[in-house]
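Q: Single-letter residue listing:
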Amino acid sequence: MRLNYPSNVKIVKVPCTGRVDVLLVLRAFETGVDGVFLAGCLEGECHYLKGNLRARKRVEYLRTLLEEVGLGGGRVEMYNMSAAQGQRFAEVAREMTGRIRELGPSPIRKSMIIDKGGNK
Amino acid sequence: MIVGDRKPLEELLGRISPYKKILLLGCNECVTVCAVGGEREVGVLAAELRLALGKDGKEIEIREQTLERQCDHEYIEQVRPFVDDYEAILSMACGAGVQYVAEKYNKPVIPAVNTTFLGVTNEQGYWTERCQGCGSCVLEETGGICPIARCAKSLLNGPCGGSSKGKCEIDRELDCAWQLIIDRLGALGLMDRYDEVISVKDWRTSREGGPRKRVREDLRL
Chain Z
1 MRLNYPSNVK IVKVPCTGRV DVLLVLRAFE TGVDGVFLAG CLEGECHYLK
51 GNLRARKRVE YLRTLLEEVG LGGGRVEMYN MSAAQGQRFA EVAREMTGRI
101 RELGPSPIRK SMIIDKGGNK
Chain D
121 MIVGDRKPLE ELLGRISPYK KILLLGCNEC VTVCAVGGER EVGVLAAELR
171 LALGKDGKEI EIREQTLERQ CDHEYIEQVR PFVDDYEAIL SMACGAGVQY
221 VAEKYNKPVI PAVNTTFLGV TNEQGYWTER CQGCGSCVLE ETGGICPIAR
271 CAKSLLNGPC GGSSKGKCEI DRELDCAWQL IIDRLGALGL MDRYDEVISV
321 KDWRTSREGG PRKRVREDLR L
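Quick mapping for you: the protein sequence lines, in order, are chains Z and D. Number 120 marks the last residue of the first sequence (the working numbering); no jumps. Number 341 marks the last residue of the second sequence (the working numbering); no jumps.
FYI, nobody ran anything at the bench for these hints, they're computed from the structure. Some hints here could point you the wrong way.
What the hints assert, rightly or not - Now the in silico label distances, taken between C-beta atoms and shown as ranges:
1. G282(D) <-> R88(Z): 51 to 59 Å
2. S7(Z) <-> H193(D): 55 to 63 Å
3. K10(Z) <-> K273(D): 39 to 47 Å
4. K57(Z) <-> E131(D): 51 to 59 Å
5. G72(Z) <-> D204(D): 35 to 43 Å
6. T241(D) <-> G73(Z): 25 to 33 Å
7. D204(D) <-> G73(Z): 33 to 41 Å
8. G73(Z) <-> L308(D): 44 to 52 Å
Even for Gly, the Cβ is constructed at its ideal location relative to N, Cα and C.
Taking the hints into account, I'd like the entire structure generated from these sequences.
A: Written out as structure tokens, the structure reads:
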């Protein structure tokens, strides 16, 4: 389909969004990523029955955690799309990138850059 | 099992603010089962603390460690080799575990969990209170349903006038313990027990008698 999506989106493959643990996403934020979205299968079409529904609940929980730490719950989102919806994936990647751009870079990344410069 | 709630991050951030090196201690027993202070929750809290402080450019060193139990000497001893490398201990155990760790080491120990009740897992992610540790069990008289822990008034002879359609007046979602007791006794064919008045309880076996202890001389070394 030769679809374009923003090149700053890094894909991490998992067998099912049900594999995505809260800790995995928190670790991503600790390494300085600006936002995370989960691209799960359509609801009701999970091969493992409830993986994508569990992922959605975890994303909701993650939002409360990110709000609590002050990064903002908007930096994480759950989307559903089928493997045949490449168009939708590209659209979602653009939408999420736009949203994160509005929120600005993660403050964690800022402090990491300061650390690298030795200005602790 | 002992059930608890994680303290809000803001409160914990305030408590640990004087320290730069922290030992974060989880417990593999009850608080793991009720998903409040086990290895996973230690990981989540450590990540939360690092993110919350890191975003302001502050640094913190956290060692994540989960003990088999924090209510037994032998397990708490396991942190002795490195405990002095840290300024404070943040414990995710129940109140008993936190106190035992505090007794053992000359370090500030901060509880990360509010211990709430002795209860059961109704379903994954849902726990309810069942026991208050009153020290003199009456469950055989009440069809296996505790009037002390599950009746809002801890009535030994109920229900009270606040019971309506099987629910308690304090919360429409809450079952009236005495309605449950009557239904259970009926189902067991033991309604004659309901006619017996349960006599005044000796609360000295509960907290009213002060802190409790239990000694088994045959087991002592």
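Q: Against this structure, judge whether each hint is valid.
A: Going through the hints against the structure:
The hinted window of 51 to 59 Å between G282(D) and R88(Z) holds, with their beta carbons roughly 54 Å apart. At about 56 Å, the CB distance of S7(Z) to H193(D) agrees with the hint of 55 to 63 Å. Between K10(Z) and K273(D) the C-beta distance comes to about 58 Å, which lies outside the given range of 39 to 47 Å. K57(Z) and E131(D) have their C-beta atoms about 25 Å apart, which leaves the hinted 51 to 59 Å range violated.
Checked against the hint of 35 to 43 Å, the pair G72(Z) and D204(D) passes, with Cβ atoms roughly 38 Å apart. Between T241(D) and G73(Z) the beta carbons are some 28 Å apart, a value that agrees with the proposed interval 25 to 33 Å. Against the hinted window of 33 to 41 Å, the Cβ-Cβ separation of D204(D) and G73(Z) comes to about 39 Å, which satisfies the hint. Remark: the range hint 44 to 52 Å for G73(Z) to L308(D) is upheld by a beta-carbon distance near 50 Å.
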